[in-house]
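The task is simple: from the sequences and hints, build the whole structure.
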Amino acid sequence: MTHASDSSGSHDAHLVRALFPFCVAISDGMRIELAGGRWASYDASVRAGAGFHDVFEIDRPTGLSTAADIAARADDVFILTLKSRPAFKLRGQFVARGSSGALLFVGGPWITQISEIAALGLELHDFPPHDPRGDYLVLLQTQGTTLAETRDLNARLRKTSAALEARTREMEREMKLRAELEAQLRQSQKMEAIGRLAGGIAHDFNNILMAVQGYVALSLSRVTPTDPVRAWIEEIRKAADRAANLTRQLLAFGRQQVLRPQSLDLAHEMREFEKLLRPMLGERIRLSVATEGDLGFAWADASAINQIVMNLAVNARDAMPHGGDLEIRLRVRKDIPTQTLREAGFIELSVRDSGTGMDDATKARAFEPFFTTKEPGKGSGLGLAQVYGLVEQCGGVIELDTELGKGSTFRVLLPRNESREAPAAQVAAPSAQGGRGERLLLVEDEPLVRKLLEQLLSRAGYQITAASDPVEALAIVQSGMAFDVVVTDVVMPSMTGPELAQKIEGACGPVPTVFMSGHTEDEFIRSGALRSHQRFMTKPFVPSELLVQVRELIGSRSHAI
Amino acid sequence: MYGLINKAVEGLVRSKFGDAAWDKIRTRAGLPDEPFISMEQYDDKTTYDLVGAASAELGAPAEAILEEFGLYWVKYTGEAGYGELMKSAGRTLPEFLKNLDQMHTRIKLSFPQLAPPSFRVSDETPSSLKLHYYSKRPGLAPLVVGLLRGLADRFEVDVTTRTERVEGAQPHDLFYVTWKPRATAGTAG
Numbered sequence: 011m012t013h014a015s016d017s018s019g020s021h022d023a024h025l026v027r028a029l030f031p032f033c034v035a036i037s038d039g040m041r042i043e044l045a046g047g048r049w050a051s052y053d054a055s056v057r058a059g060a061g062f063h064d065v066f067e068i069d070r071p072t073g074l075s076t077a078a079d080i081a082a083r084a085d086d087v088f089i090l091t092l093k094s095r096p097a098f099k100l101r102g103q104f105v106a107r108g109s110s111g112a113l114l115f116v117g118g119p120w121i122t123q124i125s126e127i128a129a130l131g132l133e134l135h136d137f138p139p140h141d142p143r144g145d146y147l148v149l150l151q152t153q154g155t156t157l158a159e160t161r162d163l164n165a166r167l168r169k170t171s172a173a174l175e176a177r178t179r180e181m182e183r184e185m186k187l188r189a190e191l192e193a194q195l196r197q198s199q200k201m202e203a204i205g206r207l208a209g210g211i212a213h214d215f216n217n218i219l220m221a222v223q224g225y226v227a228l229s230l231s232r233v234t235p236t237d238p239v240r241a242w243i244e245e246i247r248k249a250a251d252r253a254a255n256l257t258r259q260l261l262a263f264g265r266q267q268v269l270r271p272q273s274l275d276l277a278h279e280m281r282e283f284e285k286l287l288r289p290m291l292g293e294r295i296r297l298s299v300a301t302e303g304d305l306g307f308a309w310a311d312a313s314a315i316n317q318i319v320m321n322l323a324v325n326a327r328d329a330m331p332h333g334g335d336l337e338i339r340l341r342v343r344k345d346i347p348t349q350t351l352r353e354a355g356f357i358e359l360s361v362r363d364s365g366t367g368m369d370d371a372t373k374a375r376a377f378e379p380f381f382t383t384k385e386p387g388k389g390s391g392l393g394l395a396q397v398y399g400l401v402e403q404c405g406g407v408i409e410l411d412t413e414l415g416k417g418s419t420f421r422v423l424l425p426r427n428e429s430r431e432a433p434a435a436q437v438a439a440p441s442a443q444g445g446r447g448e449r450l451l452l453v454e455d456e457p458l459v460r461k462l463l464e465q466l467l468s469r470a471g472y473q474i475t476a477a478s479d480p481v482e483a484l485a486i487v488q489s490g491m492a493f494d495v496v497v498t499d500v501v502m503p504s505m506t507g508p509e510l511a512q513k514i515e516g517a518c519g520p521v522p523t524v525f526m527s528g529h530t531e532d533e534f535i536r537s538g539a540l541r542s543h544q545r546f547m548t549k550p551f552v553p554s555e556l557l558v559q560v561r562e563l564i565g566s567r568s569h570a571i
Numbered sequence: 004m005y006g007l008i009n010k011a012v013e014g015l016v017r018s019k020f021g022d023a024a025w026d027k028i029r030t031r032a033g034l035p036d037e038p039f040i041s042m043e044q045y046d047d048k049t050t051y052d053l054v055g056a057a058s059a060e061l062g063a064p065a066e067a068i069l070e071e072f073g074l075y076w077v078k079y080t081g082e083a084g085y086g087e088l089m090k091s092a093g094r095t096l097p098e099f100l101k102n103l104d105q106m107h108t109r110i111k112l113s114f115p116q117l118a119p120p121s122f123r124v125s126d127e128t129p130s131s132l133k134l135h136y137y138s139k140r141p142g143l144a145p146l147v148v149g150l151l152r153g154l155a156d157r158f159e160v161d162v163t164t165r166t167e168r169v170e171g172a173q174p175h176d177l178f179y180v181t182w183k184p185r186a187t188a189g190t191a192g
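Sequence order for the protein chains is A and B.
The first sequence finishes on residue 571 if you use this note's numbering, and the numbering steps up by one all the way, no holes.
The second sequence finishes on residue 192 if you use this note's numbering, and the numbering steps up by one all the way, no holes.
These aren't lab readings, by the way, just hints derived from the structure by calculation.
Keep in mind that a hint or two might mislead.
[Stated by the list, open to error] Computed cross-link-like contacts, DMTMM-like style, restricted to lysine to aspartate or glutamate with a CA-CA straight-line distance of at most 20 Å: (1) B:111 / A:141; (2) B:90 / A:136; (3) B:139 / B:167; (4) A:169 / B:167.
[To be verified] A few chain B residues facing chain A, derived, Cβ under 10 Å: (5) 38; (6) 86; (7) 113; (8) 114.
[As the list claims (entries may be wrong)] A few chain B residues that don't get close to chain A, going by computed Cβ distances all over 10 Å: (9) 41; (10) 48; (11) 67; (12) 87; (13) 90; (14) 93; (15) 94; (16) 102; (17) 105; (18) 128; (19) 132; (20) 162; (21) 163.
These numbers were taken from a predicted model, which means no experiment stands behind them.
Quick reminder that beta carbons are idealized off the backbone N, C-alpha and C, glycines included.
If you want it as structure tokens, here you go:
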């Protein structure tokens, strides 16, 4: 048992009351003999003379009533409740004051939460410096504050993490988009470069083919139908025609084919074209052509559209060697983002097949010229390349949706004509006729072609003056010679055919002119911006076509220089 | 100084001048964009740099910034986690000021590196006292003026202060503090 000196002595009493402001000294009869210094201001019922059990209840240990009972448990922790204020509890211990049976309770307010200090009407200095509870309360406060700060930091971390994750996702989307755009740009640059190369080759080939086809025509006009050489010349003509067809496809891919865009009723075109397609596709392929709603008119070149559909249909047919479905659909699309937003939108011409489809590698190269998955000799690899070039030249876009084993869908998006202008009426072509001594200025820098045309036009009855370049031609005109018609190449070293025509017109007024080219780099010709007294012919052409154009120009105009 | 002080500076700037102002001040003080940790010890220079940057950005003298900070500090500690301690430190202005030194001593338990100023009260009357402020850090007397204004709000009294520099063996700042009950808004009648 713990013993303390009797605290009723005045000096000791003062000391005890100061050191333990909430202490209580009790007699062996359980009456309060001395109260700690803080009781007077905190609860005056705790005072000398008051019965201990009148003001306190012993919470723990339980079942103790006499001083002897308490003294027997003096080593235990006691918890007392102040009856006048049940929320206020004291925690401490009893010590014996000598051997009389009197006791001293030494302890302080039992507080586990810092907030209880104010709630119980206490202050920090109610805990004497030697009482660790004061420090404990400060630590509790700091602990609570640190916990709140940790929660705050966690919340900020979560917010930052969420923002970072969102930014990462955004960056991934941007990087993916960038990669796609870069791939598109690379593909576009590659196609552009290949197109320029193909166009250049086609130009030179066309001049050669022009001479071959021209001399074949001249030769055929000289040999009799029974001459055995005639069959050989016919074979040369067929080979030249095939070569000419190839160069046309190359030019189309290089977007250098001459187009004459007009307001076009695509639904009507497809209905007409369907008749041509069916026999070409064969019986094992089920063809369906459908139009959704009112399409209005497209702004496109009719022959280009036919070439596009024909090539796509051939491609679809070859992808379905055992037969299948080929579906051509037309509908209006207004959801296409373009740099120059078209109010009228686009007309989508989709060609879907149920064929073999393509893997990603094949899809990536599908539009490259000379790329083919067909067996050698079965395809030139130019069909889809031609489609690509023609669509681009028409101001359209082509999309390819394909998966190996699941067929392919090509979607050609063609500009819709905003004015809803009716389609142009077809003009019947005049028949070829010879000349009647009209004066014709021929300008051609390629000797092979110049010599051929000179012979051809002379034989047809025209008076020919030939010049090997535009400067020579201009000198001839300026010397005072008059001409009924000018036939000129387009791409020449010193100036272009259209520039030459402009200079001749500046000097002498308008003159009927036929431009010829295998490589139409001049935008005004490609876009069809020819004037009424001008014509354009794509090399190679057969001699009779040139004679028709010349005759028609002379017949419709009476201009002479 | 502990991060708690710098957090309070940040809180003052953000609440009175906005987040953009804080970003400018923090940048000018050369500090990274990261939260202060209350229990972490920072170099005193960080706090001085923040006060200097705030003074430059806000176009106010450092003394005014410090006084404003003192006013805010009472509110901040009362609301940001130390409210109970503040409440347990006294029910009246003079009681609080007398316990202030003891409170700082106790708080060193949680902030062992804390080098708090020391406060001593003398010549107390029912409406005045002298507050002796001892600090190893120079130039912070305006902060105490702000603290007294903040405590006046807390205890709802009107306070007037006069400051005097005391040299000698223990040089310190002496604040003559007088107070009277705050006049509440009168009612007609």
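A quick look at each hint next to the structure:
no.: 1; hint: B:111 / A:141; verdict: holds (16 Å)
no.: 2; hint: B:90 / A:136; verdict: holds (13 Å)
no.: 3; hint: B:139 / B:167; verdict: holds (17 Å)
no.: 4; hint: A:169 / B:167; verdict: violated (49 Å)
no.: 5; hint: 38; verdict: holds (6 Å)
no.: 6; hint: 86; verdict: holds (9 Å)
no.: 7; hint: 113; verdict: holds (4 Å)
no.: 8; hint: 114; verdict: holds (8 Å)
no.: 9; hint: 41; verdict: violated (5 Å)
no.: 10; hint: 48; verdict: holds (23 Å)
no.: 11; hint: 67; verdict: holds (29 Å)
no.: 12; hint: 87; verdict: violated (4 Å)
no.: 13; hint: 90; verdict: violated (4 Å)
no.: 14; hint: 93; verdict: violated (7 Å)
no.: 15; hint: 94; verdict: violated (7 Å)
no.: 16; hint: 102; verdict: violated (6 Å)
no.: 17; hint: 105; verdict: violated (7 Å)
no.: 18; hint: 128; verdict: holds (21 Å)
no.: 19; hint: 132; verdict: holds (17 Å)
no.: 20; hint: 162; verdict: holds (21 Å)
no.: 21; hint: 163; verdict: holds (27 Å)
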